[in-house]
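Undergrad: The chain contents come next:
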Amino acid sequence: MADVSLRKVIKRYDDVEAVRGIDLDIADHEFIVLVGPSGCGKSTTLRMIAGLEDISDGDIMIGGDVVNDVPPKDRDIAMVFQNYALYPHMTVAENMSFGLRLKHYPKAEIKARVTEAARLLDITDLIDRKPKQLSGGQRQRVAMGRAIVRNPKVFLFDEPLSNLDAKLRVQMRIEIKKVHQKVRTTTVYVTHDQVEAMTLADRVVVMNKGRIEQIGTPNELYHKPATRFVAGFIGSPAMNFIPCRLEDAGGTLRIRLTDRIAFALPPARAARYNALPRSDRLLLGIRPEHLSESHPHLEPGVETFDTVLDVTEPMGMETLVYFGLDGTPVCGRVNPNAGAKDGAPMRLAMDLNNMHLLNEETGVVL
Amino acid sequence: MADVVVEQGRIARATGARKGSSLRNTLGRKSTVAFLLTLPLILLIALLVLYPAFFSLYLATLNKAMTKFVGLGNFTFLFKRETFWMVVKQSCIFAITAVIFKALIGFIVAHFVHNIPGKKQRKWRGMLLVPWVIPPAMSTLAWLWLFDPSYSAFNYTLSYFGVGPIPWLGETFWARFSVILVNVWYGAPFFLIMYLAALKSVPDQLYEAAAIDGANWWQKIWYVTLPMMRNIIAITTLFSLIVTFANFDIVRILTSGGPLDTTHLFATWAFQVGIQSSDIPLGACVSLFMVPILAVAAIFILRDVSKRGNEA
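Top line first, the protein sequences correspond to chains A and B.
Using the numbering used here, the letters of the first sequence map in sequence onto residues 41 to 406.
Using the numbering used here, the letters of the second sequence map in sequence onto residues 21 to 332.
Next up, chain A with everything else stripped away, as it sits in the complex:
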């Protein structure tokens, strides 16, 4: 087991920079998830840690040693691939023990390790089968088993669940978390699914266009996003961004959304935003759960407004409502009993205690 550090790591393909200077420190035992849209450089970063891609510049350290020029086989890492990459001509046991056999481990120890990993992953019955005879979820377990038996310094996962159906994905997500709780190996996990990232990670690294947008615990990213990209990427349905302006009205700071709608900011927020120039073009970032139906006993900082709903989506435990504010589409989450109907007027409440204010040009959360 070991910590992993990336120092100004850059990857260039001819004249395209896929990864543009990444700094990242991963502590021993930590479960780190790299998340971002496709093409953001997350897989490339993982493959550079694995040694499957050369790095163009910078340093990668595993357990304190710079491994820039160390081939994958000498980095003491294990990787789980998206399509599992099991050797089709070997049985499950042979697949799992391949790395150990190449390193000439004693047969008894190989057997012990394979048996232990198979027990941990609940694939003891499948040990003599070929990958072709396994289902997707079982193959996934074998791929994880192959990683576990090696007892490496670092586990690398490259979108391991994206080939599974939705139900199995949730199940395997929990399996992966359980396995990590037992073996405690430092893990770097790549996914484009923000739910996977939030549920698995000790810390999430959000990447975009070859750069790190933000690093933090799932809660930090959700409640204190640093940029518009992170705010929009984490959370589903995504955060609403509504163009707005600050204005002073009789000694209070107000936020104007449309000609019709303007709210006084709660005192804590007003103090925070007071220094901003009033002419800045701003965005109000508000999550759908902070836009719900109005009721008589509203807390301070919760403001109401009237709107006409375009579309409603009953989800069972909640109903998603969609409406427009001066042409900007907005989504809210209301109680299923609140009487939301397509095309009907509704009074909604916006919780400004949980608002975010963003600079429209730079995308920075203020």
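Treat the hints loosely; a few may be bogus.
[As the list claims (entries may be wrong)] Only some residues are given here: those of chain B computed to face chain A with a beta carbon under 8 Å:
| hint | residue |
| --- | --- |
| 1 | Gln225 |
| 2 | Asp233 |
| 3 | Gly234 |
| 4 | Val244 |
| 5 | Pro247 |
| 6 | Asp281 |
Worth flagging that the hints you see were computed from the coordinates, not collected in a lab.
We put the beta carbon where it would ideally sit given N, CA and C, even for glycine.
Here the structure of chain A is known, so what remains is to put chain B in place on it, guided by the hints.
TA: Same frame as chain A, now just chain B:
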């Protein structure tokens, strides 16, 4: 009377209807349609393969003048001739050596070509296929000149290094070497193209997984590439073994079987015995000897393929 006619008409109609539906049933069965669709090919094969095969079986049982049935007489005659056993030996040496070298060279070059990026790869692939694309009768003539005792370009080049002159086609060892060399030159591109296709079908991630598991390049070839290519290798080898074993043109043009019949293969010897020495039954008899030898090879290799096909 009239009643009877009506009855008959009814019966006739009834059977007619039954007949029609049974025809429709027969046509409706997939196996029948499949058989009818393949019938032209079956007829073609019967005409071009089965008829000559059985005709040569018949020929092999006649005497030299083709007037008398002699049973297995031609076969027992062949078994007693030293030249026959030499042809068996030479055919095996020729086919096995040539196929091994073709496979090895094809495998190695396929790896090189596989690692050439994009557009350049297509050019190399095209150029490397040339020996296989030229009709062997033509290209072997060029080789004949290169081996010519008087104007051999090889000997001319070698003379600068103080080597030679080498009697390329005049001495048993060199003549065998030369016919095998030309056959390898002609046949290696076939292996190259087959192996290249097989290499492309091995997913990159298997190599990456092997690299992470700690395999060096040799172990990657041994544990990943070769097992993944096993079926292609088996089928290609079998196919090439058959074609090489039955080779005619290269030996015919380069040595005509000489010196002293030591480079004869079944096909060239059958030609010499049957056509040039006008003993057609004996020639047919020689050529028939290829069948059992190749059948055994085919059974062994194909049995393995189907076994692996089931598990892979």
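Undergrad: Holds or violated: is the Cβ of Gln225(B) closer than 8 Å to a Cβ in chain A?
TA: holds (4 Å)
Undergrad: Answer holds if the nearest beta-carbon of chain A is closer than 8 Å to that of Asp233(B); otherwise answer violated.
TA: holds (4 Å)
Undergrad: Under 8 Å is the threshold here; is the Cβ of Asp281(B) close enough to any Cβ of chain A for the hint to stand?
TA: violated (46 Å)
Undergrad: Just to be careful: measuring from the Cβ of Val244(B) to every Cβ in chain A, is the smallest value less than 8 Å?
TA: holds (7 Å)
Undergrad: Identify whether the interface hint at Gly234(B) stands, where standing means a beta carbon of chain A within less than 8 Å of its own.
TA: Given a least distance of 4 Å, the restraint on Gly234(B) holds.
Undergrad: Tell me if Pro247(B) is really an interface residue toward chain A, meaning its C-beta lies closer than 8 Å to one of theirs.
TA: Pro247(B) check passes; min Cβ-Cβ to chain A is 4 Å, inside 8 Å.
Comparing the model with each earlier hint shows a violation of hint 6 alone; every other hint is respected.
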